[in-house]
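> Just so you know, my numbering puts 32 at position 32 of the sequence shown, and the rest follows in order with no gaps.
The hints are simulated quantities; they were obtained by calculation from the structure and are not laboratory data.
Hints may contain errors.
Using C-beta positions, here's what the derived DEER-type ranges look like [stated by the list, open to error]:
id, residue 1, residue 2, range
1, S114, E41, 45 to 53 Å
2, S114, P57, 28 to 36 Å
3, L113, Y42, 35 to 43 Å
4, P51, S114, 13 to 21 Å
5, M28, S114, 33 to 41 Å
6, L112, V54, 35 to 43 Å
7, L49, D18, 15 to 23 Å
8, L112, S77, 16 to 24 Å
Keeping only pairs whose Cα atoms sit at most 30 Å apart, straight-line, the calculated DSS-like set for lysine-lysine is [claimed, not checked]:
id, residue 1, residue 2
9, K2, K52
10, K101, K52
11, K101, K2
The beta-carbon is built from N, C-alpha and C at its ideal position, and this holds for glycine as well.
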Amino acid sequence: MKRVLRDIGSVSDIHLQDTEFYFRYRGMAMSVLHGPHRTSEYGPFSFYLYPKSVGIPLSAIAHEANNRGMKEPEMFSFNSADFRGEDQRVFEELYAALRRKHLNIDGVFDQLLS
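The whole structure should be built from the sequences, with the hints applied where relevant.
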């Protein structure tokens with residue numbers, strides 16, 4: 001996740017479904033979920049990798065994950081509750097960076113200030 005944050009320009013094809021951003025990083029499908037009311041067992045954020053989803057539209061991955069439920073090894077999950085300190089904050093930072101990129105916040109401010 002830290003590498004994705006350092007190289008956010010390589011993120012493409014962002015798809016938002018509810019409170020989860022699905023995206024591709026260098027071709028690999030991934031997602032970050034924000035569930036502020038989830039149990040402390042998982043924490044407020046989860047990060048998912050979908051290694052077998054190369055070439056599948058993100059909307060289809062989102063549909064599959066939310067309606068049928070994917071299991072490992074179709075996806076791997078990492079929950080923020082399993083991490084501490086800076087490693088836990090990376091979940092929130094990545095979610096915020098994807099939100100900014102999805103909304104094109106930098107482009108909006110560039111347009112307003114030019």
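> Of all the hints numbered above, which does this structure not satisfy? Sort the numbers upward.
4 and 8
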